[in-house]
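Each protein sequence line maps, in turn, to chains A and B.
For the first sequence, the numbering used here gives the first residue as 2, with consecutive numbering after it.
For the second sequence, the numbering used here gives the first residue as 2, with consecutive numbering after it.
Source of the hints: derived by calculation from the structure; they are not laboratory data.
For glycine and all other residues, C-beta sits at the position ideal for the given N, C-alpha and C.
Be aware that one or more of the hints could be misleading.
Cross-link-like lysine to aspartate or glutamate pairs, in silico, DMTMM-like; alpha carbons within 25 Å at most [said to hold, decoys possible]: (1) Lys88/B / Asp21/A; (2) Lys11/B / Asp69/B; (3) Lys11/B / Asp45/A; (4) Lys89/B / Asp21/A; (5) Lys137/A / Glu140/B; (6) Lys137/B / Asp192/A; (7) Lys11/A / Glu140/B; (8) Lys137/B / Glu190/A; (9) Lys137/B / Asp133/A; (10) Lys137/B / Glu140/A; (11) Lys137/B / Glu132/A.
So these bits of chain A aren't anywhere near chain B, every CB distance computed over 12 Å [stated by the list, open to error]: (12) Asp45; (13) Ser71; (14) Lys88; (15) Lys93; (16) Phe98; (17) Ser102; (18) Ile138; (19) Glu167; (20) His168; (21) Ser177; (22) Asp181.
2 protein chains.
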Amino acid sequence: MKNFLIVGHKAVTETFSLNDLPGAAGRMDILCRCINAALFLSHDLRRDVCVFIVLKGEPSSPKIVRFDGSMVRYLSPDERSCASLIKKALEKKAQDFWTESTAGVSVRKGDMEAIIKELEMKITYLREDGEDIRAKIFEGYSNRLFVLGDHLGLTEVEEKMISECEHETISVGPLSLHADHCIVLLHNEMDRGKHI
Amino acid sequence: MKNFLIVGHKAVTETFSLNDLPGAAGRMDILCRCINAALFLSHDLRRDVCVFIVLKGEPSSPKIVRFDGSMVRYLSPDERSCASLIKKALEKKAQDFWTESTAGVSVRKGDMEAIIKELEMKITYLREDGEDIRAKIFEGYSNRLFVLGDHLGLTEVEEKMISECEHETISVGPLSLHADHCIVLLHNEMDRGKHI
Numbered sequence: 002m003k004n005f006l007i008v009g010h011k012a013v014t015e016t017f018s019l020n021d022l023p024g025a026a027g028r029m030d031i032l033c034r035c036i037n038a039a040l041f042l043s044h045d046l047r048r049d050v051c052v053f054i055v056l057k058g059e060p061s062s063p064k065i066v067r068f069d070g071s072m073v074r075y076l077s078p079d080e081r082s083c084a085s086l087i088k089k090a091l092e093k094k095a096q097d098f099w100t101e102s103t104a105g106v107s108v109r110k111g112d113m114e115a116i117i118k119e120l121e122m123k124i125t126y127l128r129e130d131g132e133d134i135r136a137k138i139f140e141g142y143s144n145r146l147f148v149l150g151d152h153l154g155l156t157e158v159e160e161k162m163i164s165e166c167e168h169e170t171i172s173v174g175p176l177s178l179h180a181d182h183c184i185v186l187l188h189n190e191m192d193r194g195k196h197i
Numbered sequence: 002m003k004n005f006l007i008v009g010h011k012a013v014t015e016t017f018s019l020n021d022l023p024g025a026a027g028r029m030d031i032l033c034r035c036i037n038a039a040l041f042l043s044h045d046l047r048r049d050v051c052v053f054i055v056l057k058g059e060p061s062s063p064k065i066v067r068f069d070g071s072m073v074r075y076l077s078p079d080e081r082s083c084a085s086l087i088k089k090a091l092e093k094k095a096q097d098f099w100t101e102s103t104a105g106v107s108v109r110k111g112d113m114e115a116i117i118k119e120l121e122m123k124i125t126y127l128r129e130d131g132e133d134i135r136a137k138i139f140e141g142y143s144n145r146l147f148v149l150g151d152h153l154g155l156t157e158v159e160e161k162m163i164s165e166c167e168h169e170t171i172s173v174g175p176l177s178l179h180a181d182h183c184i185v186l187l188h189n190e191m192d193r194g195k196h197i
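One chain only, chain A, in its complex shape (with noise of 0.2 Å):
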């Protein structure tokens, strides 16, 4: 599987209407196109990708919402449709395991670190000033852990958990974009050095 984390420093971690995705959801719409980036292509899903959002907004930070493109059903590609998703996970009880809301999509208590453990798997951390990564062969992606920010990025304590663990720090081109586009560019990376 690819695995993908991001982290939500703002979003709001209880139920929330679907109509203010941007504000009172704490930027869950950020989120949204990240799951929709990862887990779409044409007509299908990518079945061999993972997606994490960790939610640290009020009242009961942290939790984090498992996307699995193996399992997941009911999801279109639209905003609304995957914040209806999490949304459902929201209002399930979150405990120190996961707990299915919605098939292929589950929920648990914990923060990046949970992840970071319960994967032990190499880190691929984006960041603007990251080596380009078409400067590197960009192959064998199929057991990495991609960690994304939001529009505030990584806060130093999550960098410094990145930093202990085997990691590496890309960008995916010259200007500073949003994690949606960064993870469509990782993708188009992958499928290139799988199919030419």
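Position chain B against the provided structure of chain A, taking the given hints into account.
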């Protein structure tokens, strides 16, 4: 300016509910994501980009809505924000010339042909079986019209319209992707051409 034209074959041509972009609004969500991909950088807008969406759904098709990156205001990255500006444009009376609805957003009657005639630029048509973008020297694309289809692709009539102009057909990678993901990949290639 870099110009993007996306055809929404089912996208409605009168006011619509922001709560059902994929259904009642005729896959308006696709067009919103394309506008996001074309215009947004992290914490900034691409001021050298213009996006044209051609709406071909009921009841008063066809109409074109233009987002001019050099002028646009009140646009946030979420689908609903973008859709609300499209909705305001559709509430204006569409005529054979552009009418501005909000800053940088305008509407007119017309089909893809009207834009091709107005811009008089070489067309780059995105299609799965086109030449790979990386097999080309991707520079000097500032005066180009990029054309993309929605989930239905382009019709035979639309493809004939392109074939009668100066054009090239390119693809962005080995897999079939959503139009907005293709736009992200196009931009990255142009950003690299400019900056590296």
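Results of checking the hints against the structure:
no. : hint                : result
1   : Lys88/B / Asp21/A   : 17 Å, holds
2   : Lys11/B / Asp69/B   : 23 Å, holds
3   : Lys11/B / Asp45/A   : 20 Å, holds
4   : Lys89/B / Asp21/A   : 18 Å, holds
5   : Lys137/A / Glu140/B : 23 Å, holds
6   : Lys137/B / Asp192/A : 19 Å, holds
7   : Lys11/A / Glu140/B  : 39 Å, violated
8   : Lys137/B / Glu190/A : 17 Å, holds
9   : Lys137/B / Asp133/A : 20 Å, holds
10  : Lys137/B / Glu140/A : 23 Å, holds
11  : Lys137/B / Glu132/A : 24 Å, holds
12  : Asp45               : 8 Å, violated
13  : Ser71               : 17 Å, holds
14  : Lys88               : 14 Å, holds
15  : Lys93               : 24 Å, holds
16  : Phe98               : 32 Å, holds
17  : Ser102              : 21 Å, holds
18  : Ile138              : 15 Å, holds
19  : Glu167              : 27 Å, holds
20  : His168              : 22 Å, holds
21  : Ser177              : 4 Å, violated
22  : Asp181              : 8 Å, violated
In this structure, the earlier hints numbered 7, 12, 21, 22 are contradicted, and the remaining ones agree with it.
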